[in-house]
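Trainee: Here are the chains, one letter per residue:
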Amino acid sequence: MTDASILVAALRDPQSLPLETDWTALIAMARAEQLLGTLAYRLDGLPVPEIVARLFDDARSSAEQGRRIALWEAEMARRTLTPLGCPVVLLKGTAYVAAGLSAGRGRSIGDLDILVPRASLDAVEAALLAAGWEWVKPDPYDDVYYRRWMHELPPLIHRERDRMIDVHHTILPPTARSSPDAAALIADAVPLGNGLSMLSPTDMIVHAATHLLADGDLSGGLRNLWDIHCLIDEFGTAGLDARARHHGLSPAVLRGGRQAHALFGTEIPASWRGWDPLDPWFQRRLLARDGWGRATRPATRFGFYVRSHWLRMPPAMLARHLWTKWRRS
Amino acid sequence: MKHALSVRIGPVGFRIGSDWRAPIEQLTDLYRDYPTAPIADYTVRLFASRAWRRWVRPSVTIGGDYMLPEAAPLPLSQGLLAAEMAMNLQLALGHRRHLLLHASVVERDGRALLMTGESGAGKSTLATLLAAHGWRFMGDEFALLDGETGQIHAFPRLISLKGTSVAAATSAWPDGRFGPLLAGTPKGDIRHLVPPVDAIARMDEPAIPALLLFPRHGFAADTREVPASEAFVRLTQASTNYVALGEAGFAALTGLVRAIPARAIDYPDGATAIRQVEELWART
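Those protein sequence lines, which keep their order, are chains H and G. For the first sequence, counting from 1, position 311 maps to 1788 in my numbering; every step adds exactly one. For the second sequence, counting from 1, position 233 maps to 414 in my numbering; every step adds exactly one.
Treat the hints with care, since some could be wrong.
As the list claims (entries may be wrong) - Label pairs and their in silico Cβ distance ranges:
no.	chain 1	residue 1	chain 2	residue 2	range
1	G	Ala432	H	Gly1670	27 to 37 Å
2	H	Ser1785	G	Trp233	19 to 29 Å
3	H	Leu1523	G	Asp356	45 to 55 Å
4	H	Leu1523	G	Pro216	20 to 30 Å
5	H	Leu1561	G	Asp403	31 to 41 Å
6	H	Ala1596	G	Glu299	51 to 61 Å
7	G	Ala432	H	Pro1526	22 to 32 Å
Please keep in mind that the hints were generated in silico from the structure rather than gathered at the bench. Note that the structure is predicted; figures quoted are calculated from it, not measured. Just so you know, even glycine gets a beta-carbon here, dropped at the ideal spot from N, CA and C.
One chain only, chain H, in its complex shape (with noise of 0.2 Å):
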């Protein structure tokens, strides 16, 4: 059975593709994983078939032009929000094009991710609502289960660009385990020269550790593994572990660092090597796409995607919520 490994291999060691690589396979597979930008990126000017060559170059452009969407999206928050006077934070793609990082080549960006301060929720809501955004799923449980139990607004899509706005005041649901420091994570946020800013580097690595392995059921973990793979590369893990376990998010920051070392080959401290019983089984996942790129270990998938919910609320909670989307299904 075939895996994703040939992917994890040509974006860890592009000099290690051999002539005769299935390339049809390994295209398939980063585009189902959106990893097509960033393999492009990774592969630039070695020798590859000419066919594979043109579709990197348009892969690079259409990135490019995904790039520049993404930027101007920021501006259009920007615009909305600066006057209001409260910190406005990039997350996740925006914020490492933003800021130029490696993690951001190629990278396939959808949504804008910001955080701002919980205080200032409403503030930002009002705002984005009169300047052309509009609420995705205007269903009052949905509504209501956003704004009780998640650590962001509902989605708010803007009428004119179709791009969507996701508005975050913390980085994990607060039903979560761990409660994060969200107030920290705004102090120590680095201004990005326009009135916008981005986390702090170790910030920024806790959150894409958090967001692959402590929310959410691994759906397109290898971009996500990606990213802290680029992120530990050029940030290194100095203060790493102290900040992750100030926000109670340790076990999420070291096993990323576990699963980026073993598929990426990321540096990480000696100390941190040694694989829990749990590690095989998100590598297992985290690998789960084939040559036709099709998700595959069904079961697999269906034990992280009950870990998902596990993780974001307590079962009796769980049990309600499932029951009442279960009713109006």
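Could you slot chain G onto chain H? The hints should help.
Mentor: Okay, now just chain G, sitting in the frame of chain H:
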């Protein structure tokens, strides 16, 4: 996947995988004169949404590198249509090398005639008829405009004939190779026609665009000049990747509408249309 086929259509290579033998057999037969694609630009998958749906009321889900979440599955008897739809979808959603225009294209003396319009305007039928009158058929679905060279690349996939155009095509091409009649599809009755031999043999020859037409079937014969500004706006709507290409798309499209004349033509029937087209062509 269990059954697979590789085929290249113009500059685009496809790998098509299927849970069932039948659609691949039909495709292999209809695409037998086309080259294979050693490395595919796009992967298409025809699969059963649930394992047991391979056998019980088999229904084909359309997938691939690019997918629409709301695409409805088709019965296995329409597997060929599912494959064609999936191939178009890969281009529509994923292609960035060319500006894609929903248009049919025919060529003469290295110069291309583009015909675009809403579904039912007759662009497929007209291209088929013109191909029977000495024009080279370059495609009836997408015109692939290269922004750097300004050339149109051929994408001569199977011609998908709907409803009454089947009869028109059969009389224009009595020796044509047709696929099975697919009755009662979401797009009505459909039959696929293999493009003429020279369309496939010469599919790697691009052409310089020379004339843009907006045909409309079912009206008294009439011709109207279309200003570049109107042609531009109509073509942005006829393009699947204009927005995604950003500045490159804008440059390619403004370059096209400035370089060639555009005409709207109303026509009552195929024979009149051919006369109208030939007259306009002689003057460009």
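Trainee: Please check whether Leu1523(H) and Asp356(G) have a Cβ separation lying inside 45 to 55 Å.
Mentor: holds, 49 Å
Trainee: Using the Cβ atoms, figure out if Ala1596(H) sits within 51 to 61 Å of Glu299(G).
Mentor: holds, 52 Å
Trainee: Can you let me know if the beta-carbon spacing of Ser1785(H) and Trp233(G) is within 19 to 29 Å?
Mentor: Between Ser1785(H) and Trp233(G), where Cβ atoms are some 27 Å apart, the hint holds.
Trainee: Does the hinted range 27 to 37 Å hold for Ala432(G) and Gly1670(H) at CB?
Mentor: holds, 31 Å
Trainee: Does the Cβ distance between Leu1523(H) and Pro216(G) fall inside 20 to 30 Å?
Mentor: holds, 26 Å
Trainee: Okay, Ala432(G) versus Pro1526(H) on CB: inside 22 to 32 Å?
Mentor: At 29 Å between Cβs, range holds.
Trainee: How does the Cβ-Cβ distance of Leu1561(H) and Asp403(G) compare with 31 to 41 Å: does it lie in that range?
Mentor: With a Cβ separation near 58 Å, Leu1561(H) and Asp403(G) fall outside 31 to 41 Å, so the hint is violated.
Violated hint: 5 only; the structure is consistent with all others.
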